[in-house]
Amino acid sequence: MAHKIKYQHKFKIKGGDFVRAGEPSCEIRNIMREIGIGPDIIRRVAIAAYEAEMNVVMYADNGTITFTATPKEVIIAVDDTGSGIPDINLAMQPGYSTATQEMREMGFGAGMGLPNIKRNADIFEIYSIIGKGTFLKIIFKLNGKKN
Amino acid sequence: MVKKTKLLHAISVRIHKKKCIGCVRCMRSCPTKAIRVKGGIAVINTQRCIDCGECLRVCPCHAVIPLTTSSTDIGKYKWNVALPSPVLYSQFEQHVMPHQILSALEQLDFDYVYDEALMCEMTSRAIEEYLDDHKEPRPVISSTCPVVVRLIQRLFPSLCGLIVPIEPPREIAAKNLRKEIAKKRNIKQTDIGIFHITPCSAKMVSINSPETMTESYLNGALSIRQLYNDIMKKLRKQKTPTMLGTQSSVSGIGIGWAIGGGEIRGLKYVHSVAVSGVYDTISILEDVEAGRLKNIEYLECMICPDGCVGGPLTVENRFIAKSNILRLIKIIGGKKRIDVHFVKKLYKEKFFSFEHSIRPKPFPGLNEDRIQAIEALNKKERILKKLPGMDCGACGAPDCRTFAEDIVRYEANLNSCVFLKGEKYDSKKIPAR
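Which chain is which? The protein sequence lines are A and B, in order.
Numbering of the first sequence is given in the working numbering, commencing with residue 1 and proceeding in unit increments.
Numbering of the second sequence is given in the working numbering, commencing with residue 1 and proceeding in unit increments.
So here's chain A without its partners, still in its complex pose (with noise of 0.2 Å):
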């Protein structure tokens, strides 16, 4: 059945490793490009999916992402645990942010994030528990807005 067919990759990121960071969102990159998904597609899920892991590394201690792609979308669900977001409309609000100086000498924090990844999702969920973590699932529709 055509609906049952999907491809799924779970990737671990650890919570404050610069070093590695960015490797997740490449790799899904690559699998896009061998599912044959168009160029302006990947690009907006390679933004989205960056956004989310670099959170990930900021803020949390732990978290998988997970890349699931199916005949009609591509969903990147991630799930961390960490400290979660006490107020998500001011999270969402572009600029607001709440990295620490260190971060933003590294050039991170500008508070674009998860605006930015809601502008390049098609469906945007968001979900958190302060002291727990944070869920984040990122649809994005392979038929509607192609190329």
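No wet-lab data here; the hints were simulated from the structure.
Quick caveat, the model's predicted, so the values are computed rather than measured.
There are no misleading hints in this set.
Restricting the straight-line Cα-Cα distance to at most 20 Å, the calculated cross-link-like pairs of lysine to any residue (SDA-like) are:
no.	chain 1	residue 1	chain 2	residue 2
1	A	K141	B	Q372
2	A	K4	B	N378
3	A	K10	B	K385
4	B	K361	A	N30
5	A	K72	B	L377
6	B	K294	A	G111
7	A	K10	B	L377
Since the structure of chain A is already known, use the hints to place chain B on it.
Leaving out everything else, chain B in the frame of chain A:
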């Protein structure tokens, strides 16, 4: 408009079957995994090759032959023009100045020699005009290296729109020369042969199958390596004592284009970055694609290490060559040699512009049908689990991952793996997930 010998495949190298020993070095060095070793001989997949020349560098048997124009082809035209890359100035002894090299070149079979460096300086100015006019998107990426253009089309197709739509200096120079010479000498444009003197064979592909115009303004490209000895001989015969660049009309800003960072040196936009080498270029383009470098104005990418002086068809060691260029810049100076208003006028007339934009040409996925591609991807991962993961290359593919990909594309057989030999190929044996 311009006649030229077409190659069967638009690719800049071929494998000499008798010289090739099937040692897998080229296969391993290929950044796009375009090479396989079949029956003890390297075979290049022309669809995947981006003409970076890495195979040319590593081959220990000189079995990778660059397909540049042969000297005999020059005889086809009534009037021949040499258009040397500024890299040529870095290839001889320290005291040899550009104008001596140009005059030695003219004494070979050329009727006229034009210093490309001057056009490089003009192009720098045109790029600046473009950046002034277009404040976004960023970063704008250089169009000079034909391999970078191909790499973007193939691996980063979504970035095609970021490439600056300005032809590289060699094409603009040839366009201008053909018109001017035909007028001045009263000869047909088709009787003029314009040849680039090149540090790499990739230019051959941009001449034979250009990406941004119907036909290239150049008729061919001869490598620096091909002409080196002849130029040397002429240089030795030159009687005039060495003049220290006073009479040279070449441009200091333009000469800089021979080395990595040379293109951005002439720009007023300081938030520019220069990258060279194939793997560093790929990695910076990954950053661009992930939207990380929007604060950078201009991105110069050169496939060869240290820029064009690191081209595979040069003679001098690239570090020495780079030092030679830096010394020439010091002597000739960074002073602007061009008329800014004239360049502005030409820019407005679209003299520098692409005929048409660069089209994305992504590598095909595992299958045209998305459902089958996803299934193939799952199968590939199952096969990969069975493979030893040593990336030995004995199967004829560069690494286990690519081998698994070849199998799901029906281009290879699991039996080719020396570790699994003896185990009969049985798709049921591939572990289920």
